[in-house]
Each structure stands twice: as structure tokens, then as C-alpha cells.
Amino acid sequence: MTPSTAGTVWTSASLLERLERRDRFAILDVRNRDEFERFPIEGRERLAAINVPYFEMLELGGKDEMEDSVAAYAKAHLAGRLPADHPILAVCAKGDTSEYVARALRRLHYACASLQGGMKSWGAYCSTRAVAETSDLSIYQIARPARGCLSYLIASDGQAMVVDPLRRMEPYLELARAKGLAIGAVLDTHGHADHLSGGPALAAATGAAYHLHPYDAIHPIDLVPASIAYEPLREGQTLRVGRRELRVMHVPGHTLGLVALRLDDEYLCTGDSIFIRSIARPDLGGKADTWAPLHARSLRRLLDLPPAIKVLPGHFSGLDEAGETGLFVASMGELKERNDGLLALQRRNEEGFVRYLIDSLPRFIPEYVDIKRVNAGLLIPDEEQASTLELGKNVCALSQAYGA
Amino acid sequence: MSQIFDRVLDARGLNCPMPLVSARKEIGNLEPGQILKVLSTDRGSVADFQGWAKVAKNVELVGQETETMDGASVYVHFVKRAS
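Taken in order, these protein sequences are the chains called H and D.
For reference, each letter of the first sequence is one residue, going 47 to 450 in our numbering.
For reference, each letter of the second sequence is one residue, going 208 to 290 in our numbering.
One thing to keep in mind: the hints can contain errors.
[As the list claims (entries may be wrong)] Okay, the calculated beta carbon distance ranges per label pair:
(1) D:R250 x H:P271: 29 to 39 Å
(2) D:A279 x H:R153: 29 to 39 Å
(3) D:E267 x H:H123: 18 to 28 Å
(4) H:D350 x D:A279: 47 to 57 Å
(5) D:Q241 x H:I267: 43 to 53 Å
(6) D:A289 x H:E370: 56 to 66 Å
(7) D:T273 x H:P271: 30 to 40 Å
(8) H:R175 x D:K261: 43 to 53 Å
(9) D:R250 x H:E397: 42 to 52 Å
(10) H:E220 x D:G278: 45 to 55 Å
(11) D:R250 x H:I411: 19 to 29 Å
(12) H:A247 x D:L268: 36 to 46 Å
(13) H:E220 x D:P239: 55 to 65 Å
By construction, these hints were calculated from the structure, which means they are not laboratory data.
Computed from a prediction, not measured in an experiment: that's the story for all the values here.
Glycine included, every Cβ here is placed at the ideal spot set by N, Cα and C.
So here's chain H without its partners, still in its complex pose (with noise of 0.2 Å):
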């Protein structure tokens, strides 16, 4: 890519891309100093990225006019910080301060771009990819790339059941049009801390039941029953889709109701037990040392399964993670030998083990609590709180998949 090429307006796709790629460019975040720390853009190696608070340029570059402030600062303060070479990307909250940005470096002759609605547009931007397209068996992965959230389409015979949809619910909805499809299910693996469900609204829109085990119904913290209507799963259940069948596995540990979903020897929807890189953390509702042995033991029976199984996770870390089809997809086999958290269980007893995860714990995120009240129907945010509560990155897995 030359800077000639790099357009004014990066859409959330089109930065996906670039960042699939690994194409060169740096990012001017303009975004004030905690936002950028909490919440910045991620790629699949480490970005080249410089923040400076828009109203420092502003104040700083000294003009009344935005653009003029900028074109100002950036001559005096940034010239040899930018990269001449490559594209800049110009990234703010919203997507109007940033065009400003890019309009005056443009004006320098930098090759700089905005991205598009800002961090609130990539942070609830959904891909979809195909993990397998038949007429007996499609299944979809729709990825929330910023926030490293994975959901799943599992569809047979014209029937689709949603697994752990994300708030947005356009994704689906699409989706199923565009298959001539009928969603006739939708299902949460576990009450999640780290972002909102999209699915009892999913499943009002379609008519479909939700699916959730009666031991997420509770908040861990509050111990109060949930208000929201579903269908409560159990261990051994199965559910139809088409002409398929998908097997409940209980597997306690991250949450006490956490469930896993078989499909014969071909798929496992993991939820938040196994991840591709790591494995989920215990300590979200609080009880990690009661929660841990659990979650060993769960792990175990998980690892037991035929080594050729292929585990759609429900998060990831980090893009990296991905093939290079963009799928976050690996068998059993393969992350028995690669994902570091089921290298350390086959490895420990469970004492052991269980001693690994509670010193693998990242930091504890205080608005995890309030979005399990969201999603347990306690608590109902505005269109501005959801949001807030949403921002940045999940932080499900233990702190290995961190490089912390």
C-alpha cells in the first residue's frame, strides 16, 4: 500500500482488514490519555501508535480553527514522530474530531486517513466468516474483533439456533436473511460478565426460546434471581437444530452454569472454558477458590474429548490468534499441545493446577459486576451506559494470554 492509496475514511471493515493483513501504518489516537490506554486499537502484531489528546493539538497549535490548530501542532511537535512512508490513521471516540485530524495532515502531505464513527464504531463493529457451509451443517463465527467477543450460527435443514449472541443483533438477523434461515433458538453458554447479551432480545425478535442454565440465573455476587424469562438447560440435554443435534455439557468453573455444546465428534461451542490461546479465568463471581477446582475438573472432561473435535471458543485475546482463514478454530488435538492453560493442567494435579490459576488471575474488572446485573435482567442500562460499560477489550481469560 502507498500513502497515495490510502483514501480519507477507513470504515471498521476496512480496518479489519489492514489489520488481518498486517499492512503498515501508524495511528494518531487523539483521544484523551485514559481512553487510549483503555481502550486502543490492537492488530495482530504491535501497531505503531502515538496518542495526543485533540485539545492539546488544539491548545497547543495555538489557532481558533480545529484543523489549523492541528496542521500547526503536528509542523511544530510531531514532524519526526510521523511515519512519511506509510498511511496514518487518524482515531478518535467518535469519528468527527478525527476527520478534522486527517484533513490537516493531509494538508502536510502526510497520508492520513479517519477512521470511520470513531472507536465506538470498531469497538461494536461484528465480522461473519463461514467455519463450515453445507446444506446438513453451516456453522458462522460473528466476531466482535475490538472486543475479542465470538458468537456462533449453527444452522441444519433451513433451522438456526445463536450462540451467545452480542448486543447488536443486526448481525444475526442479516445473516439469517441472507441463508433463508429461521432462527429458532438462541442460547447463552453462561451469564457473561464482560459484555452485554444480545439474547433475550434476539430471541423476542424471532420468537425463539433462550436457553440458559438455571445455576447462571442468579447473580453470583448479589444472589438474586435473575428476572429475565428462559428455558433452563441441563446437563445431557439435546437440542435439534434441522437435522442435527447439539449435546449440553455442564462444565462449571468460569460460571457455575457454564454449559459447552457438542456437536457429535466435529464441533464444540466452548464458551468461556477453553480458549485458543488460554483458558477462561474462575474468578468472575467472586469465589475463585471454590470456583477453581471446579473449573479443573471441567477442563479435564473437556480435554477427554475425541482429539479431532474443533472448539469454537467464545473469546479470543488477540488477533494473532486467528488462522489465516481469520477463523478463531482449533481441534482438541492441536491446543492440547499449544494453549497454555491446557498445557499447565496436563502438566499439574489439581492442587497444582488449581494453584496455576489462582496466581494466572488478571486484574478484577469492577464493571463486570454491573453487567452480569444487565444480563440477568437486575439492571437496565441507557443506549449511553451500555456502551460505557462495554468499552475496551474482554479480559475472560487468565493473564498468560496477555503477555502481562
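For this one, chain H is given, so just place chain D on it according to the hints.
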């Protein structure tokens, strides 16, 4: 409890960066010691006015409030021209 002010800038409905750009221009029309009250519907303006006041030599942020007007949250900033 209500903050004294000399002028009002209604930046409701304006997107970032306009509330701050307009406030900065308006401050130039004030006498040292006078206070500008800025109304904004942009939630991001709360942190941004704080950050701006830290780098701008001639302004001081003397107060911030959130009010509800016509069912919407309005973020109010009181900015004093210091010199």
C-alpha cells in the same frame, strides 16, 4: 450552590470537537476573571474540558455539572478566564 457565570455558550447538539473549539474562542472575548458557562450534550466533553484546562495557561475549570434538560443529559462546564 449554583455557580456564578458571566456568559453562556450553548453548544448542545454539537459534536466533538466543536464544544471545546467554540468555548476556546468565546473565552477570548471574556475579561480576565470572568466565567463562561458551556452547555454540551457530548458526554466526552466532561473529560476533555478537564484535560484542556490542564494544558491551557489562561483558563481554569471552576466547576462541572450534569443536568437533565428535555429528557437528555446536558454536561455543564464553568470555565474561568484566568489571565
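Evaluation of the provided hints:
1. Hint check: R250 (chain D) to P271 (chain H), Cβ distance near 33 Å, so the stated range 29 to 39 Å holds.
2. A hinted range of 29 to 39 Å holds for the C-beta pair A279 (chain D) and R153 (chain H), which are about 36 Å apart.
3. The beta-carbon spacing between E267 (chain D) and H123 (chain H), approximately 24 Å, falls within the hinted interval of 18 to 28 Å.
4. At roughly 55 Å, the beta carbons of D350 (chain H) and A279 (chain D) sit within the given window of 47 to 57 Å.
5. At about 49 Å, the CB distance of Q241 (chain D) to I267 (chain H) agrees with the hint of 43 to 53 Å.
6. Between A289 (chain D) and E370 (chain H) the CB atoms are about 57 Å apart, so this pair conforms to the stated range of 56 to 66 Å.
7. Hint check: T273 (chain D) to P271 (chain H), Cβ distance near 33 Å, so the stated range 30 to 40 Å holds.
8. For R175 (chain H) and K261 (chain D), the Cβ-Cβ distance of about 44 Å falls inside the hinted range of 43 to 53 Å, so the restraint holds.
9. For the pair R250 (chain D) and E397 (chain H), the supplied restraint of 42 to 52 Å holds, since their beta-carbon distance comes to about 48 Å.
10. Distance hint check for E220 (chain H) and G278 (chain D): the Cβ-Cβ separation is about 31 Å, which falls outside the suggested range of 45 to 55 Å.
11. A hinted range of 19 to 29 Å for the beta carbons of R250 (chain D) and I411 (chain H) is consistent with their spacing of about 21 Å.
12. The hinted window of 36 to 46 Å between A247 (chain H) and L268 (chain D) holds, with their beta carbons roughly 40 Å apart.
13. Checked against the hint of 55 to 65 Å, the pair E220 (chain H) and P239 (chain D) passes, with Cβ atoms roughly 57 Å apart.
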